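Each chain is listed here by its residues.
2 protein chains.
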Amino acid sequence: MRLNNSKLIIIIGCGRLGSELALKLSKAYNVVVLDKEESSFERLSKRNFTGFTRVIDTSDMAALKDVNIEKAHMVYIVTPDDNLNFMLAYGIKKLNSGVRIAARVNDPLKKSIFIKAGLNLFCPIEDSVMDLVEELEKEVVKYE
Amino acid sequence: MRLNNSKLIIIIGCGRLGSELALKLSKAYNVVVLDKEESSFERLSKRNFTGFTRVIDTSDMAALKDVNIEKAHMVYIVTPDDNLNFMLAYGIKKLNSGVRIAARVNDPLKKSIFIKAGLNLFCPIEDSVMDLVEELEKEVVKYE
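Chains as they are written, first to last, in full-length UniProt numbering: chain A, 1 to 144; chain B, 1 to 144.
Just chain A, same shape as in the assembly:
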């Protein structure tokens, strides 16, 4: 990962996934992490996070404009709430059609709704299932 401070990366949701992503990306990029709860940032403050945090009402589009979402190179939407993630992805796409978005879908059954709306998404559970099936199919040395 090369240092690229000119790129602004916004991460919405500072749970386990958002915080790990923020820690990793803040080494090379200009990272801003948003969450509605101040306490969520404890996951970052105890470790080597070098980006910025901001408590905002993530369901408020005006608040998102206020954090320069229009200047972001990429936005990761990784809250645990699929409905919020969908609304945010849809709304941010309207605000800034040029930004790259990765929205998390927690429930695989909701994936088709995201796809129909033309949203760029990733589904961690489906990815895990694929990995786990591979784990079974490769006949590795027996677990000791």
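Because the hints were derived from the structure by calculation, they are not lab data.
Just so we're clear, the structure is a prediction, and the values are computed from it rather than from any experiment.
Glycine included, every Cβ here is placed at the ideal spot set by N, Cα and C.
Each hint should be verified, as a subset may be incorrect.
Below, in silico cross-link-like pairs of lysine-lysine (DSSO-like), each with a Cα-Cα straight-line distance of 30 angstroms or less [stated by the list, open to error]:
no., chain 1, residue 1, chain 2, residue 2
1, A, 93, B, 138
2, B, 111, A, 138
3, A, 24, B, 111
4, B, 27, A, 116
5, A, 138, B, 138
Label-pair restraints from in silico Cβ distances [to be verified]:
no., chain 1, residue 1, chain 2, residue 2, range
6, A, 113, B, 113, 36 to 46 angstroms
7, B, 48, A, 70, 22 to 32 angstroms
8, A, 42, B, 80, 18 to 28 angstroms
Place chain B on chain A using the hints.
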């Protein structure tokens, strides 16, 4: 995935991950899914699941013996509770050292404890972070 009904696969935890995995694997293997809540199996009953389900107290090792954990080819431990997952992986390894185990660690900070105990694990959050960083680094066509 070839049909291989002689292999018994046990999945502990029927949340989103466990149920998707069960649906996928039951097409080719003999699958038993365990959960402490009967209602968890609704994720399976509404779809094409062809394996077996069983409500058991997953923290009770005697109950696990009762579901032939010793005859399993592979056990997936995918509850949302890392402490339970750790205890189960450790306990099942003692019961049957030949079985293959994949235990889920939800909190990346706990990963080292699993590793120290010599447990085979997977960490969905770390995998997702890797995928998401790659997503940023590949300079694909801008999201439209």
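- prompt: Do the alpha carbons of residue 27 of chain B and residue 116 of chain A lie within 30 angstroms of each other, as the hint requires?
  reply: holds (28 angstroms)
- request: For the pair supplied as a hint, residue 24 of chain A and residue 111 of chain B, confirm whether the alpha-carbon distance does not exceed 30 angstroms.
  value: holds (17 angstroms)
query: Should the hint that residue 113 of chain A and residue 113 of chain B are 36 to 46 angstroms apart at their CB atoms be regarded as holding?
result: holds (38 angstroms)
query: CA of residue 138 of chain A to CA of residue 138 of chain B, is that 30 angstroms or under?
result: Answer holds: residue 138 of chain A to residue 138 of chain B is near 29 angstroms, not above 30 angstroms.
query: Is the hinted pair residue 111 of chain B and residue 138 of chain A satisfied, with a Cα-Cα distance of at most 30 angstroms?
result: holds (23 angstroms)
- request: Please work out if residue 93 of chain A and residue 138 of chain B have their alpha carbons no farther apart than 30 angstroms.
  value: holds (20 angstroms)
message: Looking only at beta-carbon atoms, does the pair residue 48 of chain B, residue 70 of chain A fall within the given range of 22 to 32 angstroms?
response: Because 45 angstroms falls outside the window, the suggested range is violated.
message: Quick check: does the Cβ-Cβ distance between residue 42 of chain A and residue 80 of chain B fall within 18 to 28 angstroms?
response: holds (20 angstroms)
Consistency with the previously given hints fails for number 7 only.
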